[in-house]
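Using the sequences and the accompanying hints, generate a full structural model.
Which chain is which? The protein sequence lines are A and B, in order.
Using the numbering used here, the letters of the first sequence map in sequence onto residues 1 to 255.
Using the numbering used here, the letters of the second sequence map in sequence onto residues 256 to 584.
Keep in mind the hints are simulated off the structure, nothing from the lab.
Check the hints yourself; a few may be wrong.
To spell it out: a stretch of chain B is covered by chain A in this simulated footprint if at least three of its residues, at any positions, have a beta carbon under 8 Å from a beta carbon of chain A; those stretches are [as the list claims (entries may be wrong)]: (1) 296-308; (2) 313-326; (3) 357-369; (4) 377-385.
We treat Cβ as the ideally placed atom computed from N, Cα and C, and that holds for glycine.
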Amino acid sequence: MTLLNDTGYLFVRYMKKLIRNPILLFFSLVQPIIFLVLFTQLFERFANVPGFPAESYLIFATPGILLQNAFGSALQSGNSIVSDIDSGYLQKMLVTPVSRYAILLGRLTSDAFRVLIQSTIIMVLAFLLGARPVTGLLGVLLMLLTIAFFGLAWSGISLAIGLKTKSSETVFAFGSFLTFPLLFMSTSLTPLEFMPDWIKTVSMFNPISYTVDAVRVLMINGFVWETILSAYFVIGFVALITLGSTLYLFRKVVS
Amino acid sequence: MIDVKDLVLIYSNGTKAVDNITFDVEEGDFFGFLGPNGAGKSTTIKVLTTLLKKTSGTVKVAGFDLDAEAKEIRKVIGVQSQETAIDGDLTGKENLILQGHFQQLSGKILEDRVNELLKLINLENFADKKVRNYSGGMKKRLDLATTLVHKPKLIFLDEPTTGLDPQSRSAIWAYLEKLNKKEKTTIFLTTQYMEEADRLCKKLAIIDTGKIVATGTPTDLKKQLGVDSIKITLKNCEKDKKQAIELLKSLTGVSEITESGDCVTAFATNAHQLIADIVRALDSLEISLAGISYSSPTLDDVYLRKTGKRIRPEELVKTPSRSFGGRRR
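And the structure:
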């Protein structure tokens with residue numbers, strides 16, 4: 001009960017911080033919006049190549065752009081824990097009876113919620129530009145849920161790095177270092193069949209590909225449960241590793 | 256209230272930050288840890304407030320064992336760390352309420368308590384303003400208030416006035432005295448300011464490089480040094496000096512007399528009582544006095560005697576205290 005209450009209080013704290021710094025939310029959306037508006041225009045004719053799996057490049061790339069945003073956003077979530085360590089706020093919490101796990105859960109849930117808000121904005125914009133998901137509102141909700149779960153799993157890595165290094169520079173550098181290589185070597189922006197063989201191989205081991213594929217089938221094919229469930233399986237696996245190591249490092253900090 | 260026996264803390268890099276200290280703080284005490292930066296003051300507070308695991312020794316805080324009952328301890332203590340740890344994106348009121356939630360308070364009780372505290376620290380008019388825009392003194396006051404939300408029996412204050420302007424400092428002093436006297440809150444405070452320790456603390460421990468070098472009330476500590484000095488200036492020093500010295504010698508309590516620049520200085524343990532006697536005796540001998548004053552040894556003298564060093568806080572004030580939100584992105 002305390003765990004739930006405390007998580008709630010901390011979730012609200014992070015939400016207030018998010019809403020009161022709208023500039024940060026705005027800037028975090030600049031990149032995905034540029035991709036959505038410019039990048040998809042640039043590659044519009046890509047859809048005419050025989051064998052392209054969607055009717056337009058926009059509808060094909062939207063899932064990739066959503067995931068790119070979620071991935072980048074999740075990889076910065078360690079910054080907030082570093083800033084709580086730096087300011088002494090983490091210590092201030094630790095000398096109270098507040099639930100230890102709530103400190104972590106409040107962080108994770110609010111990160112997932114932030115990704116949810118960003119994704120909704122991107123989704124609305126994509127809709128205005130003409131991307132119509134075949135699975136309707138229900139499919140959109142499942143897409144958002146999948147993306148939020150994906151974000152949750154990856155924010156674990158960033159939190160672990162933040163706890164380990166206590167340096168926001170390192171968190172930032174690691175995030176930027178990982179984002180683009182992993183995205184380009186996934187099916188985010190290019191169909192698997194169009195890739196050079198070696199990237200195809202990497203992509204098949206890339207957890208991002210599985211999630212993109214799941215969001216994409218919801219966008220253009222329908223409820224293909226096999227693809228969707230394998231994405232959840234992969235995300236669950238990633239979450240187990242990242243959140244496990246976060247928990248381990250966190251316990252070292254709070255012990 | 257606090258019982259510490261043979262406490263040792265060695266950091267993982269081998270630094271012995273706390274070296275076998277023993278002391279106790281009674282309920283209602285205003286206890287001070289006086290020492291320069293790096294003496295082990297903050298480390299001791301971190302151990303006592305369950306943040307750091309001690310290497311060895313036994314510690315009881317508020318009647319609870321530090322190892323077995325850390326959770327119970329956290330419910331009855333309030334802790335203000337050296338960094339002003341408040342959330343700049345939240346308002347003053349929100350900061351206090353959140354802290355109350357951490358202490359498992361809610362509803363009307365919490366609301367009332369928060370309003371009471373805001374009034375107490377004179378921040379009612381700023382309650383709904385973002386803390387980011389507060390001045391340093393306001394932040395410090397709010398930080399202090401957040402540690403008091405749950406009416407703790409015992410509060411730990413790690414250098415609560417370091418880096419503050421004199422006005423904010425005396426406001427905090429006045430409030431702490433009130434808290435200790437009226438609400439019977441036991442206070443454990445660390446400081447590097449002699450005058451702060453002298454004014455506030457009923458009992459003091461002087462700590463240097465991890466060891467306690469002296470304990471006692473500020474007055475006792477100064478008495479240990481021995482003596483007050485009485486400076487006597489005579490109108491006609493050359494003529495009357497000899498007679499005056501003879502007279503001083505005959506008074507009980509005077510341990511030493513020297514001829515000084517002003518004329519004569521006597522050292523005595525009970526200067527404040529002797530002054531009247533001296534004045535009367537000189538008068539009866541018709542020696543006219545130009546001035547007489549006495550001064551007690553300062554804590555700085557005590558510190559010098561015990562550690563061979565002088566504390567110079569003005570050097571230490573410059574130590575950059577991390578400003579809130581400095582590394583936010």
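| request: Give me the numbers of the hints this structure contradicts, sorted from smallest to largest. | output: Of the numbered hints, 2, 4 do not hold.
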